[in-house]
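Undergrad: Given chain A, work out where chain B should sit, using these hints.
Take a look at the letters that make up each chain.
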Amino acid sequence: MKKSMKVCAGLLIALFILSNCLTMAAKKPVELTYWYPNGLSNEQAVLKKAVDLFNQQNPDIKVKGEFVGASGSGQGATDKLMVAISGGNPPDVVTFDRFMVGQWADQGLFENLTALARTHKISKNQFYDFAWQEASYKGNLYALPFDTDTRALFYNKKMFKEAGLNPEKPPLTIKQLDEYAAKLTKKEGNRYRVIGFIPWLQQGWLYTWGWSFGGRFQDPKTGRITANDPGVVKALEWETTYAKKYDIEAVTNFATAAGGDINPFAAGMVAMVISGPWEISGFKVNAPNLDYGISYIPTPTGANFHSWAGGWSYVIPKGVKNKEAAFRFAKFMSVGEGARIYGEETTHFMSAKALNDKFNWFKEDPKYKIFVTLLPKSFCRPVIPKGQLLWDELVNATDSALNGKGTPKELLDKATAKVNRELGY
Amino acid sequence: MNAQPSMVSKKAPRKVFFAANHPIYGWLFALPWLIGLTVFYIYPLCSSIVYSFTSFNGIVAGRFVGGRNYADLMADETFWIAVKNTFVFAAMAVPASLIFGILVAVLLNAKIRGRGVYRVIALIPTLVPVVAVSIIWQWLLNSQFGLVNYLLYRVGLPGPPWFGSELWAKPSILLIVIWTIGANILTYLAGLQDIPESYYEAAAIDGAGARHKFFRITLPLLSPIILYNTIMGIIGALQQFTLAFVITNGQGTPANSMMFYAMYLYKNAFTYFKMGTANAMAWMMFVVVMALTVFVFTVSKKWVHYMGE
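Heads up: the protein sequence lines correspond to chains A and B, in order. Numbered by my numbering, the letters in the first sequence go through residues 1 to 425 in order. Numbered by my numbering, the letters in the second sequence go through residues 1 to 309 in order.
Treat the hints as calculated values from the structure; they're not laboratory data. Hints are supplied without guarantee of correctness; some may be wrong.
[As the list claims (entries may be wrong)] Simulated pairs of lysine to aspartate or glutamate, DMTMM-like, Cα-Cα distance not exceeding 25 Å:
1) K414/A <-> E197/B
2) K158/A <-> D365/A
3) K405/A <-> D72/B
4) K409/A <-> D219/A
5) K84/B <-> D219/A
6) K84/B <-> E422/A
7) K158/A <-> D178/A
8) K409/A <-> E77/B
On a predicted model such as this, the values are computed, not experimentally measured, just so you know.
Extracted from the complex, chain B is given alone in its bound form:
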């Protein structure tokens, strides 16, 4: 009889091991995802840091070259042109899509007939694949044969050279980006509908006009969404690739004014066989995007108002 308790005590840990609330089950259930994360995210991420210090050509692992890829980039004129272009573009695109996004969302939020139809129209451009968008606008904005300049010509306005000139190339891309702003509008619309009607009623009783209502109620209460769209906008603008790549056939013309950072990264990786350099560029981009995001977050505490706080 003395043996009995000892047998139980031997079995006890096994019972605990198979207990339904044992932490191992959690890990087991998460395992497929964990393996995927490790193999497809963590490993490539880590290996790309390593590659950025080698002369890797994309196929044969190169030798270790220390910081030479980074140093070469610092001395590369095209690299700095690409950096400048990318930041200039982001400085134009982020505020522009913010302003236009809010403006269109407020208009679409007005209680007018056929509101649903207008909303659909605003969203339609986002359904077109980016490459198709590029090609459509390449034709629309062609200064000699394009529809836009034809219409301008008919009303007696001079047509800008659009993609043909250094001055107009980035604004042309900006125009396309604004055209495809539908997803932003959707988030702003959702935000607008979240603002209780009673705030506006109270403001109206206090004698506030439309402008006051917009700047004192709408904008502050929309600020969390503005923050979200600012961060996503910065990330998107800094990674601008497809539009310029398709429109300029990968050349970044005229006079390198459309050579964006991501495009130069692609060229290094796949046309010059400098995968090491491309990895170095990717990491520099990551650091900059991270720093900007952290900066925007820190500053945001001053101007973002969360409802219910």
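Just chain A, with the same shape it has in the complex:
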């Protein structure tokens, strides 16, 4: 009797301790590691704020944000993430360049979020088309869209006036653009003081002009890449006329000076430039006296204005332990309060449509308006497993054409063939 009593008591105590441990374990929040590549201090500050807010609102989850520096073409810490995933110890949630989601999803590196999106009531119509397209691959969702941007023509009103152009009438057709560019250019000896316009400066990628000239980069039916589409070829041919007219080497240096702290448009060295909405807040601080306007990217016909958009997203790497918790944080940053405060405090447009016209900065500055009209009409780059290769090939083809190494047609034929071969067509 005594013995069995002892055993019973022992068991009870053991049970008590065990249950205590279990409840303690349950009370301990799930810890998530979150990687972001944003190096700018104001973006980091907002991300920290958003993480703190999420942790406050969700006591069962504890997100730990870590800045992981970018390497290479400014597209985030891809090599580090790759090593972390293959090492079996990935971060739970990552801010990732949306344009590469397809490529990584194709390699099976990200968790499929389709089912979670359904249970959490996230759907296509909350976002701009391009953002949802980029976040999906072969009918499944692999990312939650975060911020976004789109491209337009910035022009210097003061220089327009000096050159006898109407500052309220920016060029709409390519022909006008060429004329204005010539009028706005100023030379001093063998150095350019001002170059009216450089098509490939800043955001003037071949994508920008290919779409402007009515070209298409992918056949929607077959999925084949069509970078040698007549429209794209015409666009590149037009770009090379600038390389010939203005000394390509001098012009390239204007282009390589872009980025960092020197902005050739703000410095008054170019009169027109293709860029994005992020410039507006930058100019306010760095060039408060700059008198400029923003207009559509000119097209050959002066109608059918488009643009193209990119941006970042939240992904969950393959093999994380707490997919559900990670998704809740991603949702908070994509459509929730996290997205709202990030957009509000960094003056970034967000991919979640409902947020943009409610931002204070948007209401205060009419310059932002054109971007909101362009966003629904914006394209995204083809979502293919070789998106980075296509990007590099287009950059190479442009660069070679501008430097006179081959005609646009043959360069784009070659690039198209190479990417299609890699895609297995």
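TA: Below, chain B alone, put in the same frame as chain A:
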């Protein structure tokens, strides 16, 4: 009593086993290092040969594809551009750093006041991390806003487009490499100080001038160090990565003139998910570097003089 010797003979081998000079101790002491070598060097080396024959994407082991990675590279235009760029760069960088290295070392070896200060100045650039060096020179050599071209403009010289043109891109990188030559200078300086003063005195008595002294005494006696720096220089130049990668943002612009072999290898591995191809590239690079090193060594017997031989 008969059992005694047999017990001793049984114990004897054990005693020998624990003897302080038993070879096992050597192996035991070397074991931590051996394990490290096997796990971190030999295994990755061997597995990378295997991977070079597969469609490995960096995460999921791929299937065996035979020599396709190698064949694809042979047919890849960018690959050959990268090979050409790398060799052209090495052909410029190795002789240039040799000549400048010796020249500066000889100057710094002269008995002048403040010699120590000059030596420190020559060494300082090597203390700057390579990425920082790249960014500094990116600004200095910017043809529109850069300090170098501003100074050239002020004295009425045309400023080259530097990183903006195909012609000037590699010389620009070369300039940076020469700027960071401090470690080479240090080895040459050590070599120069090793040459006995009496040789020069004897030469002076025989009526030799400065030029004769340099070519007949200094250079031959510096040759072992020249050999060392040549080999290290070839290896370094063929693996050039950081400068071009940072300056061109990983793109190798303009017109692929700064797409170096190591950069294309990195792109294949980490942006195109072609780790198999990247491994194939690494092995081809290894074979070429090995062959060049062996070649330089063989030829060196003709021109390298070791003191005391």
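Undergrad: Hints broken by the structure, by number, lowest first?
TA: 1 and 5
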